[in-house]
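> Whenever a hint applies, use it, and build me the whole structure from the sequences.
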Amino acid sequence: MEVNENAFDLLGVTPEDGIARINDAKDDKSWVDEPNESMYEAARETLTNPRKRLQAEVPWFLKNSNSAFSLMNEVQNCRGADIRLVVQKIVALDDEYKEALQEESLNDIYTDIIISRKKAGISADIEQADIEEALSQLLEEGAKAAIDTLLRKCSTQEAAQIGNVIAKEMIQPGIGKYPKKYGDCIRFFIDLYNMKVQNELDTRSEKIQQDIEAAKVYTSVAQLSPLFQEIEWFDYLAQPLQLYFEDQGQADKQSQSEDIAGSLRKLSLFYHNERQLTELSIAVTEKAMQVFAENPKVLQQLQEDDEILKQQVQVKPLTDDLEIVFVQVARFVDRKKGKEASNSVQIMSHKDQWVSALHRAASRLEQLSPSEKAAAAGFLAQAYYTLATACTWADMWDYAYIVAKEGLIYARQSGNQEIISEFLSALQYYSKAPSVGNEVRPCSSVEEFERKKAEKRSRESKGCLIKIVIAAVAFIALLLFLGNSDGNTKSHSSPKSKVQTVQPSYSKPKVSEEKKKPKTQNVQPVPVPAVPAPSPATVPAEPRSYGNPKIASPTKVFLAFHRMITNRNYRGAYNCLSPDMKDYVGSCDAWASGYRTTVASIPQNVNVIEQTENVAKLSFLLLAVDRVGSSQQKRYFRGTCTMIFYDGGWKIDEVLGDWL
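Each residue of the sequence shown is one higher than the one before, starting from 0 at the first, in numbering that gives the first Met the number 0.
Under the rule of at most 27 Å between Cα atoms (straight-line distance), these lysine-lysine pairs were calculated in the DSSO-like manner: (1) 252 to 179; (2) 335 to 350; (3) 206 to 265; (4) 195 to 143; (5) 431 to 451; (6) 179 to 296; (7) 338 to 350.
It is worth saying that the hints were derived from the structure and are not from the lab.
These numbers were taken from a predicted model, which means no experiment stands behind them.
Okay, structure coming up:
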């Protein structure tokens, strides 16, 4: 029996025929077609029961003004190979379905049924709501039956083709908008399509997960091609469901797609973090972005990863140069009191290499795009800051000043106001040292400062040579004078008891014992003549590399905390933790041992999410550089940090997040 073949059609009667005519028609049909007698009996029972009769009356009167039931037959009789025709029929059925449930259509059907029942002598005790209920049930059953019949005849590929056309034309353009372009028939199609392809989606999903795990040994994009094809076909099958669930706000039903996207993301990060195959990592991320573009939650995370990975490819030469500075400064400069002399020797031995690395990185910075330049400039500025603060632990205040002055350029290019403020505070602090005078302040770069120092040494050397020559001439003249005064022209020496040879002196001007050491700092003599020790009267006792956390903003304390870790000032970093956080991590020594392989801890994209008088919450992206054997490993950590105002300053109270 076809979808629209009801009891009236089976018995060959009309809604105006009475019960006697219906009984006669049933007997006639059964006599001619005895094998189907039960079907005719069911039709008779439907037409003579006032409640059941609606099942036949509603479609009978509907077909005169609406083609929904005829379209159901056309849909179920379509060939799946003619994709465009099938889509047109389903969309037309969806439109007629909606039209049939409009109030005007319901009024017409209700009127026709009341009139026909009165003519047939059958009870007309019905309400319009009864008509609507019966019509909704009949339409739903008929539409589902027609679509189910169609999908049973289609191959999986044909069904996926139909589903993708419907989803892209009817669902995707209106995602999240109202009113919808589609109605119940499109929903029925998606539900039935889901049932048809679910087993294949399950099978393919399991295989993809296995293939992703196997892909960890790959080294080229070409090797990933079969995996990418498998994922693309899975996505083609799942895409109608993805678009529909997105429009319905049912993201939880996309779990398979999200699981595959999550596994691809882990594979991408594995290539980047564990195997340093960033190009391969980018290829996986881009494929995942393309495949799962219909899932906003997944897509946003992948886009963030892609931006970071591409930035790493572009700035890798720059960061490689800067790691020389971070690693070697941490290795050779001991940021403790009493180590000033040895620190000075180390800095003077390595500063040319470090400054060259900074300048190479600065040169590469100019080759980056504007979007990449800001983040790279911030990284470069932190390298300058690391070197500048290291110089303060060698009492090399003039070098600290000029390095910070040059680094301020890149701090400003980063656009990060916290970094800029750190540099400005440092410059103001360093400028109080007596060695940072009129000779240092006008210099705009380390290169200019070094040139002026070389010129000064040259002038001093020439001056010393002239003094030596004059002294020698005077000494010879004295010998001649003494020889002549004795009346002995053969002797050119003077009595040892009267004259001593004086060697030229290159020592620094004498400093009183009281001024040799600042009150709270054990300063050893620095073996660099051009850099006299700063006077305690103008320079605070302890070099201040980071400012005072107690009066800083939450963001400033957070940045200072990570700079202290990078510079191995673990005690200072530990003091940035709240009491509860200290209880949680244990003693300073135990906590610091966790950073024994850390080369650099560099926060990026630090933003205040919310802040009150006593609590602040920050979001951040952290670049961690660690030593792994003889090589280095870079990893990113995205998280949030909760800070509390305690004892007059901001303290880190909780950190949550995940490694990327």
